[in-house]
Amino acid sequence: MIDTSANLVISKSNEVFLKINTEPHIEYELRDHFKFEVPNAKFMPQYRGRNWNGEIHLYDMRSKQIYVGLLDKIVSFCDNYGYTYKFEDNKFYGTPFEENNNISMEGVKDYMYSICSHTPRKYQIEGVYGALKHNRKLLISPTASGKSLMIYSLVRYYVDRGEKILLVVPTTSLVEQMYKDFLDYGWDAESYCHKIYSGKEKSNEAPVTITTWQSVYKLERSFFEDYGCIIGDEAHLFKSKSLIQIMTKLHHAKYRFGFTGTLDGTQTHKWVLEGLFGPSYKVTRTDELMRQGHLSQLDIQCLVLKHPPQTFETYNDEIEYLISHEQRNRFIKNLALDLKGNTLILFARVEAHGAILYDEINKNKGDNRKVFFVHGGVDADEREQVREITEKENNAIIVASYGTFSTGINIKKLHNVIFASPSKSRIRNLQSIG
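Quick note on numbering: the sequence shown equals residues 9 to 442 in this note's numbering.
Note that these hints are calculated values from the structure, not bench results. Keep in mind the model is a prediction, meaning the values are calculated, not measured. The beta carbon of each residue, even a glycine, is placed where N, CA and C say it ideally should be. Treat the hints with caution; some may be incorrect.
Quick list of in silico lysine-lysine cross-link-like pairs, DSS-like style, CA-CA up to 30 Å [unchecked claim]:
id, residue 1, residue 2
1, K378, K421
2, K371, K188
3, K290, K314
4, K278, K432
5, K81, K208
6, K172, K210
7, K117, K172
8, K290, K249
9, K314, K249
10, K400, K421
11, K99, K117
12, K72, K262
13, K290, K81
14, K99, K130
15, K249, K371
16, K314, K348
17, K371, K421
Ranges between beta-carbon positions, derived for each pair [unchecked claim]:
id, residue 1, residue 2, range
18, E228, G374, 50 to 58 Å
19, D295, G170, 38 to 46 Å
20, R229, K420, 57 to 65 Å
21, T256, R39, 52 to 60 Å
22, F320, R169, 19 to 27 Å
23, K421, Y36, 51 to 59 Å
24, N59, D295, 52 to 60 Å
25, D375, L306, 30 to 38 Å
26, G57, S230, 33 to 41 Å
27, K373, E334, 14 to 22 Å
28, K373, G301, 31 to 39 Å
29, N402, F320, 39 to 47 Å
The whole structure should be built from the sequences, with the hints applied where relevant.
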């Protein structure tokens, strides 16, 4: 039975999905409004086999559901097309739109000053205020803007309120880094936090669980039942099916916050993330941080090496040619050894490229110069030691794979970055520079 007092009646099915009761013709409009073509869909087997038209529909006409985080977009849709809407209360999950009037900017500022040994910046306070005020947000904040301090403030607030928190990060290095940051901010993280990654016990007893998504996405729904708050760091990696799986299993988690420095530019990506976490909010910009002196000024130099003309069958053949080219690798080695300060060299393939560069640099370095080799096979504790040693050195060289050191890793004393392997990923390149 459809309520005729409004064109759309919107209620929460749970903390993941809204249910929209409306007339069939409006359902079709909703389906088409929240529809996207997947970039490069025409190259996918499902599209070529004519099993799929290359489109994603965020509004499901069968279940009449759509992600809760898209509520503001649904309201805009109604305003644009002249439809009326009303919110219906759910006795377990409340109304679709909630705002906490007891949260004030001054209160958040005082709270952040009281729990942290570092002085929070104005934009960090504003970001945390917006998140606490609305219970869900996708916070877009560049690398090195102090995302971990904002995450820490949210974690402390919800721990004080008795909520259990799941903090999901993309790599094992970031689990350790986040834990160390919490200690650095003056919190007894050991008593409150449990870390899960590669073989660690999958317990959810502690108030805060810091984990990689790979460790938990296959776990039963019962593991996620008790969590009231989910925080996703580097949320741009949350678009794969496994991460959507985690978010939908957390159907009781009222408080949802995603942090990212980079979105991939496609609207699909942004709307899926906003659906899972909440409306996006740009905390600050890289150029603003540079202007204020929080970030070092960038000097990007593109070194063009000329090769004799050659044709390649595939992209992979071209990459093989480049990374196995002796003169090119010699040039990278000499460049790394000549640069003053700490240098990070990023590569894509461990045996085919990384190991060769490491051996070459190691053979030719001076006696007092430290050279480290970091890849997926190096365990998290060792990676963390490399990061800490580098912060005390002035001329160390780290030869690291993109997978381990391109996202979210924060080395304060890093003077040079060399991209030794080509990368087509816009996000990976921006993250690495950040």
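Tell me, in ascending order, the numbers of any earlier hints that this structure violates.
Those not satisfied are hints 2, 3, 5, 9, 11, 14, 15, 20, 21, 22 and 24.
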